[in-house]
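Peer 1: Sequence:
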Amino acid sequence: MHGGSSSGGRKRARIEIIPLIDVIFFLLATFVLFTLSLSKSNGQPVRQPDSVTSDPRDPSGTHTVTIQTDGRLAWDKEDVSADEFLQRLQDYRASDPDGRIFINGDENAHFFSVIYVMDEARKSGFQKVYIETRAMPKAKAQ
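Using this note's numbering, read the sequence shown as starting at 1 and increasing by one per residue.
Think of the hints as simulated: they come from the structure by calculation, not from any bench.
One should not assume that every hint holds.
As the list claims (entries may be wrong) - Computed cross-link-like contacts, SDA-like style, restricted to lysine to any residue with a CA-CA straight-line distance of at most 20 angstroms:
#1 Lys128 with Tyr92
#2 Lys77 with Tyr92
#3 Lys128 with Met118
#4 Lys123 with Ser95
#5 Lys123 with Asp96
From just these sequences and the hints, can you work out the full model?
Peer 2: As structure tokens, this is what we get:
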């Protein structure tokens, strides 16, 4: 008779949680490291040119001018005309004389568009004008 003995009965399947904790922590750590490695930009998404000497920059307290392949300009995430761009430069200079401008140009943007934005930023009085690039992979750089 099988009465109360548990040795011969059918075993119930159990999900063991302890081994899953390691997997969960690994996924969490991977996600955190991945998000920290992303380049943060206040501009519109474009394919930035590669650079071996690229350094990450903190975009806080700056404005980003995006140059699209067709020459369109954007101030931070908002499309602007050339006149609006010049007006925003003047307004930014008045509000923060020591401000920084990031140029977020597509790698296929026309060179004269980048020079135009740089010239206008410098004529407005900005000394800190940077060009955003992507860090080139090590294997490709050699």
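Peer 1: Determine for every hint whether it applies to the structure shown.
Peer 2: How the hints compare with the structure:
no., hint, result
1, Lys128 with Tyr92, "13 angstroms, holds"
2, Lys77 with Tyr92, "16 angstroms, holds"
3, Lys128 with Met118, "10 angstroms, holds"
4, Lys123 with Ser95, "16 angstroms, holds"
5, Lys123 with Asp96, "15 angstroms, holds"
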